[in-house]
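Each chain, letter by letter, is given below.
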Amino acid sequence: MAKKSDGYLSARESRRISKENRKITNAYEKQRKRKNVPESEYLTQMRDPNNAVEFDDLHTYFFTDNGVVHSVDGVTFEVPIGKTVGVVGESGCGKSVTSLSLMQLLQRPQGQIVQGAIRLNLGGKAYDVTKTPNEVMKDLRGNYVSMIFQEPMTALNPVFRIGEQLNEVIELHDKENKTEAQVKARTIELLKLVGIANSEGVYKMYPHELSGGMRQRVVIAMALACNPKIIIADEPTTALDVTIQAQILDLLRQLKSKLNSSIMFITHDLGVIAEMADYVVVMYAGRIVEKGTAEDIFLHPAHPYTIGLMASKPVVGKQVDELYSIPGKVPNPVNMPDYCYFRDRCEMCVEQCCGDYPHEISLSDTHKVSCYRYDGKGGTTNG
Amino acid sequence: MHKYIIKRLLYSLIIFFFVMLIIYVLLRCLPTSYLETVARQMSQRPGSKTYQEWLAQLEAQYGMDKGYLLGYLEWLKNFFTGNHGDSWFYTVPVIEKFHDTVWLSFVMGLIVLIFEIIIAIPLGIVAATKQYSFTDYTVTVVALAGISLPTFFFASLLKLVFSVKLGWFDLFGLVGRNYEQLSAWGQFLDKAHHLVLPIVTLVVLSIGSLMRYTRTNMLEVMNADYIRTARAKGLDEHTVIYKHAFRNTLIPLVTILGGSLPGLFSGALITETLYAIPGIGYTAYHAMVGGDIPFSMFYLAFIAILTLLGNLIADLLYAAVDPRVRLA
Numbered sequence: 011m012a013k014k015s016d017g018y019l020s021a022r023e024s025r026r027i028s029k030e031n032r033k034i035t036n037a038y039e040k041q042r043k044r045k046n047v048p049e050s051e052y053l054t055q056m057r058d059p060n061n062a063v064e065f066d067d068l069h070t071y072f073f074t075d076n077g078v079v080h081s082v083d084g085v086t087f088e089v090p091i092g093k094t095v096g097v098v099g100e101s102g103c104g105k106s107v108t109s110l111s112l113m114q115l116l117q118r119p120q121g122q123i124v125q126g127a128i129r130l131n132l133g134g135k136a137y138d139v140t141k142t143p144n145e146v147m148k149d150l151r152g153n154y155v156s157m158i159f160q161e162p163m164t165a166l167n168p169v170f171r172i173g174e175q176l177n178e179v180i181e182l183h184d185k186e187n188k189t190e191a192q193v194k195a196r197t198i199e200l201l202k203l204v205g206i207a208n209s210e211g212v213y214k215m216y217p218h219e220l221s222g223g224m225r226q227r228v229v230i231a232m233a234l235a236c237n238p239k240i241i242i243a244d245e246p247t248t249a250l251d252v253t254i255q256a257q258i259l260d261l262l263r264q265l266k267s268k269l270n271s272s273i274m275f276i277t278h279d280l281g282v283i284a285e286m287a288d289y290v291v292v293m294y295a296g297r298i299v300e301k302g303t304a305e306d307i308f309l310h311p312a313h314p315y316t317i318g319l320m321a322s323k324p325v326v327g328k329q330v331d332e333l334y335s336i337p338g339k340v341p342n343p344v345n346m347p348d349y350c351y352f353r354d355r356c357e358m359c360v361e362q363c364c365g366d367y368p369h370e371i372s373l374s375d376t377h378k379v380s381c382y383r384y385d386g387k388g389g390t391t392n393g
Numbered sequence: 220m221h222k223y224i225i226k227r228l229l230y231s232l233i234i235f236f237f238v239m240l241i242i243y244v245l246l247r248c249l250p251t252s253y254l255e256t257v258a259r260q261m262s263q264r265p266g267s268k269t270y271q272e273w274l275a276q277l278e279a280q281y282g283m284d285k286g287y288l289l290g291y292l293e294w295l296k297n298f299f300t301g302n303h304g305d306s307w308f309y310t311v312p313v314i315e316k317f318h319d320t321v322w323l324s325f326v327m328g329l330i331v332l333i334f335e336i337i338i339a340i341p342l343g344i345v346a347a348t349k350q351y352s353f354t355d356y357t358v359t360v361v362a363l364a365g366i367s368l369p370t371f372f373f374a375s376l377l378k379l380v381f382s383v384k385l386g387w388f389d390l391f392g393l394v395g396r397n398y399e400q401l402s403a404w405g406q407f408l409d410k411a412h413h414l415v416l417p418i419v420t421l422v423v424l425s426i427g428s429l430m431r432y433t434r435t436n437m438l439e440v441m442n443a444d445y446i447r448t449a450r451a452k453g454l455d456e457h458t459v460i461y462k463h464a465f466r467n468t469l470i471p472l473v474t475i476l477g478g479s480l481p482g483l484f485s486g487a488l489i490t491e492t493l494y495a496i497p498g499i500g501y502t503a504y505h506a507m508v509g510g511d512i513p514f515s516m517f518y519l520a521f522i523a524i525l526t527l528l529g530n531l532i533a534d535l536l537y538a539a540v541d542p543r544v545r546l547a
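Residue numbers (the numbering used here), protein chains in the order written: chain Y, 11 to 393; chain P, 220 to 547.
The hints are simulated quantities; they were obtained by calculation from the structure and are not laboratory data. Remember, it's a predicted structure, so these values are computed and weren't measured experimentally. Where a beta carbon is used, it is the ideal one built from N, C-alpha and C, also for glycine. Some hints here could point you the wrong way.
Claimed, not checked - Below, in silico cross-link-like pairs of lysine to any residue (SDA-like), each with a Cα-Cα straight-line distance of 25 angstroms or less: (1) LYS462(P) to THR164(Y); (2) LYS349(P) to TRP404(P); (3) LYS462(P) to TYR213(Y); (4) LYS384(P) to TYR356(P); (5) LYS29(Y) to VAL47(Y); (6) LYS214(Y) to LEU469(P); (7) LYS214(Y) to LEU536(P); (8) LYS40(Y) to THR357(P); (9) LYS462(P) to GLN117(Y); (10) LYS40(Y) to LEU536(P); (11) LYS266(Y) to GLY327(Y); (12) LYS43(Y) to LEU536(P); (13) LYS266(Y) to ALA136(Y).
As the list claims (entries may be wrong) - Using C-beta positions, here's what the derived DEER-type ranges look like: (14) LYS43(Y) to LYS222(P): 51 to 57 angstroms; (15) LYS43(Y) to TRP387(P): 53 to 59 angstroms; (16) GLY133(Y) to VAL361(P): 39 to 45 angstroms; (17) THR435(P) to GLY222(Y): 25 to 31 angstroms; (18) ASN237(Y) to GLN350(P): 51 to 57 angstroms; (19) PHE372(P) to PRO168(Y): 42 to 48 angstroms; (20) GLU190(Y) to LYS296(P): 55 to 61 angstroms; (21) SER375(P) to GLY102(Y): 29 to 35 angstroms; (22) ILE336(P) to ASP149(Y): 32 to 38 angstroms; (23) PHE391(P) to GLU190(Y): 40 to 46 angstroms; (24) ILE336(P) to SER221(Y): 36 to 42 angstroms; (25) TYR351(P) to GLY102(Y): 54 to 60 angstroms.
Unchecked claim - Beyond 10 angstroms from chain P on every Cβ pair, some chain Y residues (computed): (26) ARG22; (27) GLY77; (28) ASP149; (29) GLY152; (30) VAL169; (31) LYS323.
The shape of chain P in the complex, shown without the other chains (with noise of 0.2 angstroms):
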């Protein structure tokens, strides 16, 4: 088991060096560069330097004139010995603007996940169990219009319902206009208030999949001759379906949730820009915009890392729910 880890854990440690590479080079050949910009804005300064100057004394200062591999290397020693350097763009250490931002998609993340589990998988089972009944296609219909519905559509509907008619919510932002003279207290609430709305829009957006999936797992298990088995023995229904069809439905489910935890941390990037939420999707959509290589470098780092980790932790809690797979 541990020489499993081990194992993986260097495989992704190679999978992540390629990756990264692959990231820098696309990276150093957008057509946004934030230092052609910068160059660009200081040679049209009277009695200064020519644009060509310029571009390469910033190059030099910020280390962009040697080739791709080089650089990418140099990145590479900089990330591993922690020096991640500053964001060209917000002007400060990448560490602090990721740190900034980074908790709050997560909450959001985290808070909608809790809520698509809570959701997605009992509607799904119940939908399998009534399979062609009224509950299960409306359970359908409800998760399919839910896959369905663009983001944006989606939140524009919610914003007007509750915002512009009813006025229950504000259309955007994460804090109120008198944020400020609120206590502690009322200062939490107030960002509460404001993350409902993106909130329910994730959430609704994101139980139709999971449900579909769980239903179908689930009448799939139910057709087992383990589960006529099961009533043979003399189970009652709820045995039959909540312990020897679920736990045997939970196995594909766990690849599913192992694999959404680089979700969590990777912020949703159109719903937060529609909300406008200073979450970590729509800070690195504004640094990638800008050209802003460290700060990009950084965040698909950090996404390249958890997505590895959420494949091993997949591997590993299939193993645990599921005694015919061996790790080895």
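Bound-form chain Y, shown alone (with noise of 0.2 angstroms):
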């Protein structure tokens, strides 16, 4: 049936979708709530065991009642050891959902993974997020793979003290080596090392005792408890002004060097990405749309999206009465088309740009893009 423009729906039809959304999650979450699976289920083979993480085609919907939103439809990238990788796009482009998406964290039982793999490099054993159950998940979850949060301000326990919070992830992993005092010692050298000068004194402080600043580099140092192999940082800077941003930004690279862990940065702020990244992913309404190093993204933007986040951002030393927007608006994540998701708000749309949403083109080794601008120009195709 086809749905009305507008977006309107009636209440029967409605309850018709709940009632069939209601079907498909529940069999997801049966899935994932088994007990004792076995791990040849879960288990996979990294396909370059330099990655850290592998996105294969990954597609996260939610089903809502207002039908099925494809907040991440089809990403593919990886995440190489050691390297910072930054995630750029607008808000609502599915950056978080797919940072998420890999900590089993979604929204359940609406939010679920529907297609593709996440693999997980853990060293020795590789695992297939996406087939791990609950109960094995939640031992990778803060031990193996943190993330940190975007809202500083609400994302610590209002009523547990900041000791009592930090020692729970520490106490949570590492239980069987470490003693009380031991664990105790861990949370401050934690909070030492995110830069907290009275540690001891924070240690028996409450959240609303601390600014917003202090308050964030407590989630980084809830991220960083147990030495993940994986940090993935949704916006820490973004609730932050900019003297405290530039502190925070110096302290995950120095985490980052120290403990050779891999980082995925997700933000809008493109000068953000440009400080940290090693390379740089650009997602649009859900797919990515440009990926590549940060030299290829800043110096040599391909997608006319990429161009437009480029020409939008404002430039020391150069007046301008106005700053770029790009015209138009992101589709209706419900109702995606069938064609480039930027055809309508693109200006340099070629003939082929009424055909089906474009492959993949590599420009180079690490330069890929989706547009038709670039089809058979240089590139090889490998969609």
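Could you use the hints to bring the two separately framed chains together as a complex?
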């Protein structure tokens, strides 16, 4: 049945959708809640052992009462060991959902990974997160993969002391090896590591007694507690002012080199990405439009969307009356078109743009773009 | 902290003064006057004084010939010096009658409160964690039925099924026919047996609101960012719900439970009346209908004090469970 363009749904239709959704999500939930799943079901092989994470054709959908939202619709990229990968895109393009898929922290039961694989390299073993049951996943979370959330003001539990909240992670994943005193010592060490001077004092404080920057440091300390192999930083500096922002970024960079972890850095701040990232992935409406090294993206942007993004950021020393903004708006996520999602906003359309969604075209070994403008021009197709 | 409590107690004293003043004036204005009734009866005796003379004599005798304010101040003086007087309606000292009836209601109220907490809060949590599931809908429907049923209807229904049809319990009363012949243990069991239906009535009717309240708060907390942080740490669902989420749900719940302190002592008027249980609700109701000013004043003063204390306790508990709240 064709949906009306204004997004209006009758009560009956909405009921039918939610009933169908319930059936689908229940099946996924059941799958994930199983106990004693044999390891062979979720262990896998990395395509390249130098990668920490490989996202392979990831599809994450939200089954809402208004219809299925294709939040992440076929995302493929990898995070090499010891490198920082920046993920950029505007609000709602699926950056956060991609990272939450890796953590298995999607809003359940509506949000589900429906297709694809996320391979997680933990040295000896490689896990396919999409198939890993809850029981096993909880041992990976916070231990091997951890996440720095974007809302420092609300990400800490208001009723527990900072020390208690940090101890909890360490006790949870490293209980056998540490006495209570050692756990406390580790917590204090972590607080010092993230640049909190009065660590003994902060240990006994409640979150509301700290400033936003301090809380963000605590959240970072929490993420680093077990020396994770992969740190997901989901807009860790968005809520902070610029001076604190610079400090936090410095801190993350230092820690990365100290721990040799990989960082997946999510932001919509291109300046931050330029400073932090080795590789950049540009997402638009749930898909990757362009990816490459930081140099590829910043010096040779290829996709019209990336070019637009670059044009819309202020440049020091250049006088402009009005900043450039990309015309139009993102298509409705429930009802995505079957042609290039960016076509309606694009100023550089070519004839083929009326066809299917463009496949990925390699401009160089590292630089990939999904745009017809480069079809057959120097690149090899591998879609 | 001590300073805060003392300050609050002083405020409470002021509030108490005005609350009781209003109650005193209202009671004096009641259309049912015990003194008028007695005067009317006395004046109808052969060769007696007139109604007017009797009324004047009785009012002087009971201290009701003064104005409202003077009468109130005298009552206040007597109240604080521990002189509570005799009940007019029950013709025994107020304290004695109160003491005889309040404990029954208190025990009933306490049992009801305990059941309410151990049933409603876990149900609320389960309903919230399994939102929109079959369990959630079932719990919600049962809770709403509990909220919506009028006491008299539900009590009558219980009586019909368990007393009339099944014959498991007596229809009303606190003690059975052969109470006097029973041993002490037997007498206790007899009373307990008679309290089953009233307690069931009160529990079923009270769990609904607490359960809905728990569910709503739990749902709100479960969507908070710090719950996601807790999951990101790798905690299992049980710890996330019962440690991280529940501690936060407790904050609003404590306020409600602190407010239920006067409810423990005030008795359940309708239920006690329906089951003819001589509790404080039943007793106070009859005292008030009979125009018994000393008993009603004492009862209402007691409830007022408990309400004020309950509020203070709720605020103190609030500070205890929520570190963001500082008392000053």
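Item to check | Hints violated by the structure (listed by number, smallest first) | outcome: Numbers 2, 4, 5, 10, 11, 12, 15, 16, 18, 21, 23, 25, 28, 29 and 30, in rising order.
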